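Peer 1: Can you build the whole structure from these sequences, using the hints too?
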Amino acid sequence: SQTIHQWPATLVQPVGSPLSLECTVEGTSNPNLYWYRQAAGRGLQLLFYSVGIGQISSEVPQNLSASRPQDRQFILSSKKLLLSDSGFYLCAWGVYSYNEQFFGPGTRLTVL
Amino acid sequence: DQQVKQNSPSLSVQEGRISILNCDYTNSMFDYFLWYKKYPAEGPTFLISISSIKDKNEDGRFTVFLNKSAKHLSLHIVPSQPGDSAVYFCAAYSGAGSYQLTFGKGTKLSVIP
Chain P
1 SQTIHQWPAT LVQPVGSPLS LECTVEGTSN PNLYWYRQAA GRGLQLLFYS
51 VGIGQISSEV PQNLSASRPQ DRQFILSSKK LLLSDSGFYL CAWGVYSYNE
101 QFFGPGTRLT VL
Chain E
1 DQQVKQNSPS LSVQEGRISI LNCDYTNSMF DYFLWYKKYP AEGPTFLISI
51 SSIKDKNEDG RFTVFLNKSA KHLSLHIVPS QPGDSAVYFC AAYSGAGSYQ
101 LTFGKGTKLS VIP
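Protein sequences appear in the order of chains P and E.
The first sequence begins at 1 in our numbering and counts up one residue at a time.
The second sequence begins at 1 in our numbering and counts up one residue at a time.
No wet-lab data here; the hints were simulated from the structure.
Since we're looking at a predicted model, the values are computed, not measured.
Using N, Cα and C, we set each Cβ at its ideal position, and we do this for glycine too.
Covered stretches of chain P, going by a simulated chain E footprint (3 or more residues, C-beta under 8 angstroms):
hint : region
1    : 39-50
2    : 96-109
Here's a subset of chain E near chain P, in silico, CB distances under 10 angstroms, partners left out:
hint : residue
3    : Q6
4    : P9
5    : Y32
6    : E42
7    : G43
8    : S49
9    : F89
10   : A96
11   : G97
12   : Q100
13   : L101
14   : K105
Peer 2: Quick look at the structure:
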């Protein structure tokens, strides 16, 4: 069966510090991978998606970047965090476009 | 601009009764809809979906209804159980080949024993 891992579960970072969140998927090959953010009182917003190694599509211009160095690994990064980067970050995977996406447990990021 | 709207932030229902969660959308290109359930500090879990070629899809206690002319869908849970207490998100794709799921803000369902 497929499983998706995210770490860390919670993170408190000062403004201006770098960020690296990691997501890995097991039990499937060549998945589509997604990064979402849920800010307080809002729905989930798609940040990036990837259909293959090294292929990244950005949906929202922002202070963040994503990379996919391996087939089942997706990384969300920032060089300098802003207060507005606080939120709940979710990684998801799917087999096809236009189909169910399956979410990881999420990372709660607080920028102070 | 919110393209998927869940206008009720919260809903309370007695155990055993029906829960009805509503979702409206504005983008006429949306043609595949999904419902997710989310517990606090966890990722959303996929519940049920419906394509625009159907007006109803059923899976156990969960039924989703789609009214394309009204751009409205609803999730019915019958009978409601305390374990159903969670935040429910409506989401939509616009067209085959689309990767972007557009989510509503969610409705918090509380099922009272």
